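So the sequences go chain by chain: A and B.
Every position in the first sequence, counted from 1, becomes a number in the numbering used here once 2 is added.
Every position in the second sequence, counted from 1, becomes a number in the numbering used here once 17 is added.
Derived by calculation from the structure, the hints in this document are not laboratory data.
Quick caveat, the model's predicted, so the values are computed rather than measured.
Take these hints with a grain of salt, some might be off.
Straight line, CA to CA, 30 Å or less: simulated BS3-like cross-link-like pairs of lysine-lysine [to be verified]:
| hint | chain 1 | residue 1 | chain 2 | residue 2 |
| --- | --- | --- | --- | --- |
| 1 | A | K5 | A | K181 |
| 2 | A | K107 | B | K202 |
| 3 | B | K279 | A | K136 |
| 4 | B | K202 | A | K181 |
DEER-style ranges, computed between Cβ atoms [stated by the list, open to error]:
| hint | chain 1 | residue 1 | chain 2 | residue 2 | range |
| --- | --- | --- | --- | --- | --- |
| 5 | B | T170 | A | M261 | 25 to 35 Å |
| 6 | A | I170 | B | W179 | 50 to 60 Å |
| 7 | B | M18 | A | G191 | 29 to 39 Å |
| 8 | B | M18 | A | P80 | 49 to 59 Å |
| 9 | B | I173 | A | M261 | 53 to 63 Å |
| 10 | A | F289 | B | L148 | 22 to 32 Å |
| 11 | B | V192 | A | R105 | 41 to 51 Å |
| 12 | A | V284 | B | N127 | 47 to 57 Å |
Note that the Cβ used here is the ideal one computed from N, Cα and C, for glycine as well.
So the chains spell out like this:
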Amino acid sequence: MKKRDLILLAGLCLLFFLPSLLSPYWLRVIISTLFLSCLSYSHNLLFYFLGYPAFGGIAFFGFGAYVFSVLYANLSYPFFLSLLLGGFSSLLLSLSVSPAVMRLKSHYFAIATLALQLSFMELAENLDITGGTKGIVFKLTQQSNLISFYAFLFILLTLLTFTLFLEISNFGLTMKAIKEDETTSLSVGVNTMAYKSLAFMSMAFFLGLLGGVFSFWNAYVDAPTLFDPMLSVKTFFVLTLSMSAPLFGPLLWSWIFEMTFELLWSKFLLLHGLLLGLAIVVLILLFPRGLAWKRSWKL
Amino acid sequence: MEIVFQLILDAILLSGFYTLLSAGFSLMWGVTGIINLAYGSLILTGAYMAYALYHKEVSLFVSLPLVFFVGMLLGLLLQTLLINKLMDYEPFTVLVLTFGLDIVITNLLNLLFKADIRSISLSFESYSLTLGVLLLPANKVLVFILSTLSVLTLYIFLKLSWIGRAIRAVSMDSVGAKLCGINPKRVYTLSTGVATGLALFSGSFYAMLQGFTPFDSGGLTIKAFLVCVISGLGSVSGLAFGSFLLSIFEVFSGFYMGEEWKNVVSLFLLILFLAVRPRGLFGIKYHEKA
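Please take these sequences and the hints and turn them into a complete structure.
So this is what it looks like as structure tokens:
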């Protein structure tokens, strides 16, 4: 880890004092950027290190969110306990599907996770425990914005540290080797399935945690909000742009993305979906290798 | 007991449509290696086009071929202007591109036609044929017959014509095809054209079968993908069987478990197939390259 990365991390820690400086509206905008960067970094654990695009990774997000919501809102468990339980249940879910899903390659993998996401969405709409189409409503408190801010910030810092750790550790190197050539890795004695499953599970764990915090922040959950395909679109938009700067790119791009769309959203209420789609098409055509914010900014 | 036969009959009628719906998707995937996530929205484009033409009182004999050729043109443009630019990069980028296109088309349709549910009701829709105690709604029968005819035409085109053979050659081995004097880029363009044409074409049948909104595209893409995964790439008869299996599952689960469980069942079917047999029942190969 180099000096400037430490400086950056320190700068991120300064964010802790941000809420006292901002109006509630801007705090909410900042939270949404934090949320998007958290989503991107969790997906990046699988995408950058192993090259697996989990297009439907939101399945684990929604699953964790529902576990959290049922525990916290319906059974009134303590906040942190239900959050952790949400994360761990996502992890367990990913453990149970990983033998099947992680055997697949790129397209097949992307669509298999997407199918998982859509089937969970349908399930959540039909089950009683999830509140069906009515969803689950939370009690809103004065502090909920603040708590979610710190929770998202904490998860973001953890994810960043984890990513940086993977980048310099043997574990991350092995994963990159698997990404380059799985057969060769197998032949030199790497248990590729174990590595892939671990990466998958860590992604699912973080997504589950995020789901919990998101539902608390949103104060209302139902299936279309939690399994919104737009969430994965945004995430992969950010990830595609940061392909050549995978460590800090997601942070920057989610920042730019949310700020731009916060401004656009209010101006072009009808057109924002169209603009988002066009932006994706144009940017992927212009920068098929991703857009580095500064090419030398690699570890 | 009659109800079981009725359900099987419904499934057979539906499977004709599903075969046509997935034919384009399968063709594009098999030949170019691209999974077109915008496929569902292309189907809906066809549906809206048919809807607009129908309200201009254009006869079906004109509007169906028209929709197909517009789709084909659209596909040619899509491949030459957009996808060819990304063919040399990571296949993942094409996936993102088509995802973006899907959003663009969906939103355009929403702006043009609004989100209300539309459908085409043919003049003879209220008629039903009866086969003993079994009921055959006229629109479903018409769609079944036309779809089957179109799929047969596609089959003959791929089997016998020079272009069809070139397409199959490239999908089997693009280097080998190159050695025989086939230009793979042209074949890619052509097959994307035909595939998009088929997408729009099947859209006009979709409009006859049920109501639609611009936001149905995701479900349609998944359905086409599902049929391709069940049946595997590279076989038209396999496609028909895959569609039949899917429609059997859909019709029976829709009847016995309730309409809202239909999608859950078919999505779990997809996950099951991906887990157990990703190259499908009749598939020649498991496409790793893309």
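message: Please list, smallest to largest, the hint numbers that this structure does not respect.
response: Hint check: 5, 7, 10, 11 and 12 fail, others pass.
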